[in-house]
Amino acid sequence: MLNESKVVGLPLARIDGPLKVSGKARYAAEHFATDMLFGRVLPATIATGRITDIDVSEAERFPGVVKVYTYKNRPTVAKRESKWKDEVALPGYTMRPLEDDHVQFDGQPIAFVVAENFEAARDAAELIRVRYAAYDPHTDLLQEQANSYEPPVPRMKEFMPPKPRGDAEGAFAQAPHKIAFEYYMEGEHHNPMELFGSTVLWEKDGRLTIHDKTQGPQNSHDYVCNVFGLKPENVVVQNKFVGGAFGQGLRPKYQLFLAVMASLDLRRSVKAEMSRREMFYLTWRPVCLQKVSLAADAEGNLQSIMHHALGGTSRYEDYQENVANWSGMAYKCDNVKISYEIAKLDRSTPGDMRAPGAASGVTALETAMDELAYEVGIDPLELRIRNFIHVDQNQDKELTSKALHACYREAAESFGWANRSHEPRSMKDGNELVGWGMATGFWEAQLSEAEAKVSLSSDGKVVVSAAASDIGTGTYTILNQVAAEAFGVSPQAVTVRIGDSSLPKTSVEGGSWTAASSGSAVQVAARAVVATLLKHAQSMPNSPLADASEDQVEIAEGRLVLQANHQVGVAFADIMEAAGVSEVEEHGKVAPDPATMKKFSAYTHSAVFVEVKVDEELLIPRVTRVVTAVAAGRILNPKTARSQILGGVVMGVGMALHEEGMVDHRTGRVMNHNLAEYHVPAHADIEDLEVIFVKEDDDKVSPIGVKGLGEIGIVGVAAAVSNAIFHATGKRIRHFPMTIDKLLAEPDRH
Amino acid sequence: MDSALLGSGLPTCSVNISINGENRSLDIPPWVTLLDLLRGPLELTGTKKGCDHGQCGACTVLINGERVNSCLKLAVSLDGAEVTTIEGLGTPDNLHPMQKAFVEHDAFQCGYCTPGQICSAVGLVKEGRARSRADIRELMSGNLCRCGAYSNIADAIEEVLGAEGAQPYKEAAE
Amino acid sequence: MRRFDYTRAETVHDAVVALAANPDAQLLAGGTNLIDLMKYDVARPGAIIDINRLPLKDIEELPDGGLRIGALVSNSALAYDERVKERFPLLSSAILAGASPQLRNAATTGGNLLQRTRCYYFYDPSTPCNKREPGTGCSAIGGVNRIHAILGASDKCIAVHPSDMCVALAALGATVEVEGPDGNRDIDFADFHRLPGEHPERDNMLQAGEMVIALRIARNHFNRNYTYLKLRDRLSYAFALASVAAAMEVAEGQIVDLRIALGGVAHKPWRDALAEAEFAGREANEATFMQIADRLLSGAEGQGHNDFKIPLAEKAIIRALKQAAAGRPQDQVVKAIQ
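Chains as they are written, first to last, in this note's numbering: chain E, 1 to 750; chain G, 1001 to 1174; chain H, 2001 to 2338.
Check each hint, because a few of them may be wrong.
What the hints assert, rightly or not - Heads up, simulated BS3-like pairs for lysine-lysine below, C-alpha to C-alpha not over 30 Å straight-line:
1) E:K695 <-> E:K639
2) G:K1126 <-> H:K2085
3) E:K695 <-> G:K1126
4) H:K2315 <-> H:K2085
5) G:K1126 <-> E:K639
Hints are computed from structural coordinates only; laboratory data are not their basis.
Because the structure is a prediction, the values reported are computed rather than measured.
Same shape as in the complex, but just chain E:
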């Protein structure tokens, strides 16, 4: 464990803050070179079919245009599928831009215009004439469920449903209280504010420096090297600042491929940036149809849980996520049956979006739990508490920690849950019906493989390096804090270098694992620096630390000292001088511990309480208050941690009330592909939000006791909003987002 907290745990303002608020932080498409070219994609306008003719002559003649690429003139690239598989690729055939005349989804890039300036590329792309032979698109999951299947190649074995336990059907049949409903979630789109972009800086010696919008610079780096057959040492990918991603930046995007392709072909620097419309075409939270059946005895003890989930995927890849397994670990129940299938659609491959799987699956489970509470006739919070479980029944493992009781208690108290009246339509404020709803949230606490390099120089300056990313999550700041604390220096003395593929190996920034993984790697590296210092100190004549072991020393006020007695020690500047070095640098590496993983499961937990107000006549819902309590182990920085949860809650409000890609199934085209008609929450939609971090000590989940926060904030929010709407109106909406048309159409169920 770390020393007694000094910097870690403080609400430090982001160290990258001044750059971001002054416009000096440069994002992927904000780098320059002389002689730079600009690329623009032409997306397909059919969902399935073939290109029968593509006429680029007018575009090629357009002033400023250098070259127009289509499948007809794409330079040679890797053929073997293994070369196209990125770090988080899916089972199936990876989309290869400009591969051939086949169109497999609306918005597929079919031409890339490269020009001397942005406007020429943008405007010439509109002059390309395309003729298609279009086939009938199949994009409606409800229609395609007849062709659903269990994924033949699992993306991860953890995503596969656990074996059934007990007799779920039998127990359901016999139980006195039961509910069984279908829940439908429309597809969602990440829409980070920054557009996907890549700037490829080409140098005469063939080296490329690429600024890419990605959650993993090494993932982009390896993809580029593999696909184009480049030497790894000749390519550097940087993502020093990432304007949001939420999972959409895990896999390399086509603008990266196209910009590198054109740069290598034309031997010039190339910049390519997507339009907002294109942001809707690749990687989205899939449409999802779920059936949840719950049964309980007279006291509300769960007797049976059955959860079937069906998600959409593309023709060419099997996207999979853990939608339904949560239902087997959330509550105590001995009769459980979970199944998961996918169905092919003529759309682009879905991808991970904030809390992939859980955001959809827990919404269905936690709405169903509310339905069961009303069926049994007990308080929805009480139903959860009665079915609390201290182990992971899915995997038959212990939990590293679960301070969920504290979440329930502290959030309920702050929210004032005790003042709730149980009956729907029983609370009012003026013209508005008031509803209070709650839900539990779950997410995996994961540790990924991560390395870091830490150096301490004789003047007390610390440099931390890792190929980690800060996508708004606060990575710069928390790695700084971990290092500052390890050496007892101020955060100002620490420089954090991340967002560069040439730095020590780190997994993509996803799954909420960066803080735990890279933070731990920094700590391990820092301890290694201390060990080296000790070795050097012990080589000094008459060293006061001659008999000390590594775990007996620490750094305090510029000296390597005995933990037990700070009087005994040596200034590390003196140690370095004696050793003839000006700095000490060490690597640190962490990976999941197989022994721990065999015995324990690790999850973050939350309790979400939501107040909605719904006009009694007009049924316009608005979320007026959200209290979220989170148990996520150790909190490195309460300020940035809180922001992560706020962000999850806001996205959850969007999921509940607004967000849906509207597909015209006649053409397979998303029609509201812009930010005016795809509604993400605006300022006016977000009122009072409160975040509580409950105390949770966990010495097994990661070396620094951190569980991660990127996903948990969204999980359960849509269910809590749905439950609050039911409480307010007596209307149970099982189709998300819960827009006004659905509220108007739904009869009062109460």
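Model the placement of chains G and H on the given structure of chain E, informed by the hints.
Same frame as chain E, but now just chains G and H:
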């Protein structure tokens, strides 16, 4: 240096625009927006492109003191105008009070919508119409933040309004 | 964006002459809709005539106490003008219900009248659209049409007019002043926008070469009993699913004069002056308001996804009339519906 920024041989118009207090004489083709002028030839990338259609507010700048979406302004139409971008408000070492408040209140995460939020907030303070938190929320609704920093943004703006002595924020600040 | 020639007009006359001389030309004012449409390749003007320097930025007093609003007055300047707030608060409220402060700062009065529909298909040149390309068909019929018209649509087009400001102007009975190559003329606001019929490509009654130079609103007594009630998916920065501009004069519980216009439901702000007249003298109560809603929506027809707009508009009309009768206009900041 400012002439013929966007390639030779194209029809251009000559305009004079003051950008962050500096007079720029520019020859610009008419189809270049202010946003693309800033982010491209002028390398003032603090102004962000989030949608390019006036639907997100990331490109907000102040034109003659008023907040406007720069993506929907043709640069040639701004002859004689005064444009202030995020770079004109403050620098990392000398932040504008609004920039400072955004840092203190963690009013951003990824930072991409942030310059637009800040320019918009500076415009809002100047307009002098925000009297309540609900006013701030409504009058900042033209700036989307996908990281969901809205409540922190409102906190930051309230602090600046209080420091500026705007009613009723003066009391809160005192 | 297509290439275009750019010129600045120094006088209204120059602008009108240039516009009349070139059928491929369009006027540029605030640009908030035109530049947007050009970037989507929906608008393809060969020439842009920048009218931002024309002297049309004033709000002038009329002898009757009404106001004459120059076409280039920004939406913000208009909404926050003290005279407008006092005499025509319905107009101010409707403007502030729309768009965002940034857009309102740039958008102009004339431009607001001329903004095009938000129909998904109109905005997407890869799809057939009679408004964008006459004769190609209407993709919204049978397509994604949640935001489309329930009144006055044709089998050629079911798009709706997106403005909030225009709904208030319809209710207030404004007059549009236009100038063309042959001089000036006035158009009643009710006649300015048109229904799609056989020619959805035409949004309004402007003739070739004509431009809007001002609006006139006569003094009226609708500054106490009025409201603008806008219902939308998101609580701000979203187009109306349905909106109601309602105003009335009430005396001793009776409606003396009624004005009501609907937004988000038709190809133009929807107003039925005959119906309004019929309700003069009736009790200003819920029963009457229900009859007004019935009357206004008597021809309403859904397209599938937008069927909900019929009950939504009905409830909105009744509620807005209650707000207006009670002198309790909808606050555009506080999101609870009054």
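Subject >> Hints not upheld, ascending by number >> reply: 3
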